[in-house]
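Build out the structure end to end from the sequences listed, making use of the hints.
Listed in order, the protein sequences are those of chains Y and S. Numbering-wise, my numbering puts 246 at position 246 of the first sequence, and it's gapless, one number per residue. Numbering-wise, my numbering puts 9 at position 9 of the second sequence, and it's gapless, one number per residue.
Derived from the structure by calculation, the hints contain no laboratory data. Positions of the beta carbon are idealized from the N, C-alpha and C atoms, including for glycine. Keep in mind that a hint or two might mislead.
[As the list claims (entries may be wrong)] Beta-carbon label-pair distances, calculated as ranges: (1) Y:Lys-49 <-> S:Arg-251: 42 to 48 Å; (2) Y:Arg-251 <-> S:Gly-494: 36 to 42 Å; (3) S:Pro-365 <-> Y:Ser-240: 46 to 52 Å; (4) Y:Gln-433 <-> S:Asn-483: 39 to 45 Å; (5) S:Leu-519 <-> Y:Asn-483: 47 to 53 Å; (6) S:Val-498 <-> Y:Ser-221: 20 to 26 Å; (7) Y:Ser-240 <-> S:Val-499: 41 to 47 Å; (8) Y:Glu-78 <-> S:Arg-251: 50 to 56 Å; (9) Y:Ser-221 <-> S:Val-112: 43 to 49 Å; (10) Y:Ser-221 <-> S:Ile-52: 49 to 55 Å; (11) S:Thr-77 <-> Y:Gly-494: 53 to 59 Å.
[Claimed, not checked] Residues from chain Y shown here face chain S by an in silico Cβ test under 8 Å; the list is partial: (12) Cys-187; (13) Val-211; (14) Lys-267; (15) Met-315; (16) Asp-325; (17) Phe-461; (18) Val-498.
Number of protein chains: 2
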Amino acid sequence: QSMRGSVGILTLGLLAWIGCFGPQPVQAGKVLVLPVDGSHWLSMKILVKELIQRGHDVLVLVPETSLLIKSSENYRTEIYQVPYSKEDLGGSFQALKDGLFLKPPSMADLFVNVERLMNFTTMQVTGCESLLRNQPLMTRLREQGFEVVLTDPFLPCGPIVSHLFNIPAVYFLHGLPCELDSKANQCPAPPSYIPTSFSGNSDVMTFPQRVKNMLMYLVQSYLCKVMYREFDRLVTRHMSDIQSYRELISRGAFWLLKYDFTFQHPKPVMPNTAFIGGINCAKKAPLPADLEEFVNGSEDHGFIVFSLGSMVENMPVEKAKQFFDAFAQIPQRVLWRYNGAVPENAPKNVKVMKWLPQNDLLAHPKAKVFMTHGGIHGIYEGICNGVPMLMFPLFGDQIDNVPRMIHRGVAETLSIYDVTSQKLVAALKKMVQDKSYKENMVTLSQLNQDRPVAPLDLAVFWTEFVMRHQGAQHLRVAAHDLNWFQYHSLDIIGFLAVVLLTVLWVLLKCCSSCTRRCLRLWKMKKE
Amino acid sequence: QSMRGSVGILTLGLLAWIGCFGPQPVQAGKVLVLPVDGSHWLSMKILVKELIQRGHDVLVLVPETSLLIKSSENYRTEIYQVPYSKEDLGGSFQALKDGLFLKPPSMADLFVNVERLMNFTTMQVTGCESLLRNQPLMTRLREQGFEVVLTDPFLPCGPIVSHLFNIPAVYFLHGLPCELDSKANQCPAPPSYIPTSFSGNSDVMTFPQRVKNMLMYLVQSYLCKVMYREFDRLVTRHMSDIQSYRELISRGAFWLLKYDFTFQHPKPVMPNTAFIGGINCAKKAPLPADLEEFVNGSEDHGFIVFSLGSMVENMPVEKAKQFFDAFAQIPQRVLWRYNGAVPENAPKNVKVMKWLPQNDLLAHPKAKVFMTHGGIHGIYEGICNGVPMLMFPLFGDQIDNVPRMIHRGVAETLSIYDVTSQKLVAALKKMVQDKSYKENMVTLSQLNQDRPVAPLDLAVFWTEFVMRHQGAQHLRVAAHDLNWFQYHSLDIIGFLAVVLLTVLWVLLKCCSSCTRRCLRLWKMKKE
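Structure (structure tokens):
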């Protein structure tokens with residue numbers, strides 16, 4: 001049976017080879033990459049490596065101060081100076097992380113999130129500013145004749161460089177705050193069934209939920225202006241033909257979106273987008289011998305993988321104690337990515353590691369539960385490998401990612417703020433004993449894996465497509481040339497209303513004057 | 001260079017084979033096909049044959065009276081009786097065809113088209129009725145355990161059978177009159193940049209064009225109700241849980257759309273759709289010896305292919321004379337699909353044939369111009385092979401197809417009603433001499449061919465996907481459960497307006513009562 005499928009796919013490849021359809025040959029191209037730091041880079045790196053593998057000449061532009069972006073032998077890097085130190089960057093991030101474990105979650109989260117985000121992005125704007133003012137470097141880059149800019153519009157530098165150099169941009173992202181990606185790409189998103197960020201809604205809403213959704217939609221339309229103010233200013237400082245950041249990124253040639261509809265609620269999409277959710281979990285390696293031995297030692301109980309993501313490796317001692325206490329009460333073994341102090345009496349079934357091969361562990365048949373913060377990459381590693389998730393959302397898109405998974409019956413969530421060992425044990429026991437979590441997750445995983453083209457190949461295809469055709473102009477909707485008034489046909493509706501009213505008024509006047517004349521005639525006749 | 005691309009695709013196939021992504025194995029499945037007659041069937045047959053090739057058990061349900069659907073050794077057919085004869089069917093069609101060459105085109109075309117369409121579909125409704133009332137056949141079909149219904153919702157029988165048997169439906173179509181496909185699938189289509197049928201607009205419109213677009217949009221919203229009245233009645237007669245034809249087809253699992261954005265203006269799309277424009281031109285055969293000799297004899301002048309489609313093989317003698325006269329004046333050779341009388345002094349450079357291998361001819365390097373009625377299949381054969389088109393739109397979607405191609409600078413059009421030999425010669429000369437038609441067409445062709453999966457493979461993939469997962473529920477938007485009032489959030493907007501007004505009113509009342517009390521106190525103090 002499996003052989004049938006495989007033969008089908010080989011045939012598909014061969015057909016594309018001999019037939020007239022399929023990707024056309026591309027010569028080694030020149031790709032300029034402007035990545036965003038942190039987990040954003042970890043998934044983009046997969047595409048960058050694949051592009052190099054396929055013979056392209058890739059240059060990655062890296063700020064001298066970065067958290068996860070490093071030089072590599074595989075690709076060329078160009079480093080530019082920024083006016084902040086690694087400590088500044090780490091400090092701004094540390095304040096954010098410390099807060100997570102201490103403060104109760106509330107509606108105010110929305111504003112706190114916006115403020116944190118703005119602190120982080122304002123720093124990045126100054127970094128971008130110093131790249132743009134670095135004339136020697138800019139000239140050197142411009143002269144290299146890149147054919148495509150690969151970037152994440154979460155930060156403005158990539159889109160700006162793409163526009164200044166007049167090179168088409170391919171965007172690689174999960175999404176943008178306040179859905180600027182949908183808005184900039186003219187993608188309709190009716191608030192009647194598309195849940196607003198941080199609303200906790202699914203795509204099926206009661207009346208009160210829809211009221212909340214609409215209110216948050218309105219608030220975010222305003223916040224959007226505040227949030228992107230620094231970006232708007234940066235854009236207008238450097239370009240005279242662009243009025244806002246939204247307008248700038250609307251020029252992007254193609255959008256590679258790191259999700260699909262096994263995770264996201266189905267919604268309208270635009271022709272110049274492709275869905276590559278799961279691009280980060282295609283490649284698996286066998287576990288190192290010590291890990292393999294540890295997880296196999298769990299026997300039929302299986303094991304649990306616990307990580308709060310690439311940026312959060314620590315937590316307060318008191319908080320960590322709750323987790324150690326809980327793990328001591330369960331039969332499963334636990335692999336925990338944790339860089340904090342380990343108590344002397346730490347339970348024997350827990351293996352604490354500074355880093356763990358998350359996707360390889362989740363691919364192991366004994367993996368039972370994945371304890372995660374609910375970042376998009378972790379979620380897809382859970383989905384790809386069919387492992388139910390216990391989720392601790394921390395910030396940003398994680399707040400919205402979690403309800404998506406709970407809605408599908410493949411996850412549970414606990415608040416990191418008030419988590420206790422009792423709650424943890426209860427949740428883990430429930431998730432192991434109730435088979436529905438695993439069953440739903442296996443179904444979801446099968447849907448996710450079943451697609452005509454693997455996400456990495458799709459990402460490469462569209463990047464090369466943009467290189468081959470200098471963009472993807474035929475996929476760009478004409479709505480970009482309309483303002484919102486025209487887009488919603490308000491001018492036409494107004495015009496038609498005026499015409500209709502005028503006609504009615506003229507008719508009315510005619511009628512009344514006729515009536516009057518008739519009456520007069522009738523009176524005259526009578527006299 | 002070509003080798004590089006080929007290796008890339010082979011790698012793609014191999015990667016999908018060894019990696020976790022890609023189509024999962026499908027066992028030989030059972031497919032029930034309810035086709036629509038005419039050219040609709042000619043393209044669906046390609047998918048049907050491929051499904052058989054891949055080992056599926058396919059049953060095609062055919063009315064005893066049909067124009068182009070024939071039994072075959074390749075697939076099983078089941079024939080059902082209908083209460084009209086082949087003459088009835090042909091007669092209704094002949095009246096339509098005769099009118100084409102005689103009547104001047106005008107705005108009234110819209111209504112004439114609707115009337116003709118309704119005559120045709122009303123006959124088909126009676127045919128469907130007799131299938132649904134044929135209890136022995138229906139029981140036999142139900143018992144066979146089909147996994148998917150492949151059909152074209154242009155006629156109602158396929159969607160009805162799919163719903164009655166509770167089998168997911170895959171739709172295979174170009175589009176439906178008055179855009180019922182978009183409407184039923186909840187696909188947003190703002191009239192500000194999506195041209196309305198028969199409007200002649202492109203996606204970039206002036207103010208008067210947008211006024212026209214909006215007016216025709218409103219008229220068609222009404223016509224839609226009239227046009228589908230017979231279908232609505234048929235649906236409600238046979239199903240108690242469905243209120244309208246639109247609601248019925250909204251249940252479809254997946255939509256295979258026979259266009260892409262090299263032909264159609266880019267617009268929002270839904271997750272449960274795939275674009276397979278050009279599915280009909282992938283397979284090419286070498287020309288028979290006599291044809292090869294004839295076209296090669298054209299030397300550097302090249303040749304012209306002329307066909308008005310599978311349904312129109314004839315024209316009035318006077319009209320044909322204009323074409324013969326024109327062809328006598330040009331150096332190109334002409335292959336003409338024509339079943340009428342050939343005058344004795346017919347020019348030697350014209351070869352009249354009852355049928356011609358259109359796609360194979362267009363694939364020949366000497367093909368210069370394709371004279372076509374502008375049906376979707378002919379258009380894609382023109383695009384795939386990069387041959388500019390001189391178009392004579394006759395009816396239905398052809399009226400809208402033609403401006404799409406002219407907009408891209410790859411075609412010209414002439415009205416079949418008032419065409420003369422002078423006009424023909426001038427148009428053909430212009431298209432051969434002005435190289436821009438050919439250049440634009442080659443660019444368009446390259447865009448069309450450059451896709452990750454060939455259209456036929458994509459159609460097979462999604463049909464098998466629906467079989468593997470009993471539908472594609474995760475791609476179905478929640479908007480289907482909202483009425484139009486809720487969809488546009490009108491209830492929420494109304495509610496919020498009432499709340500806002502109430503709050504304002506209460507505030508106003510409070511203020512005024514406060515003011516009054518203050519005034520009274522002040523007066524008392526004064527006294």
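Out of the numbered hints, which ones does the structure contradict? Of the numbered hints, 15, 16 and 18 do not hold.
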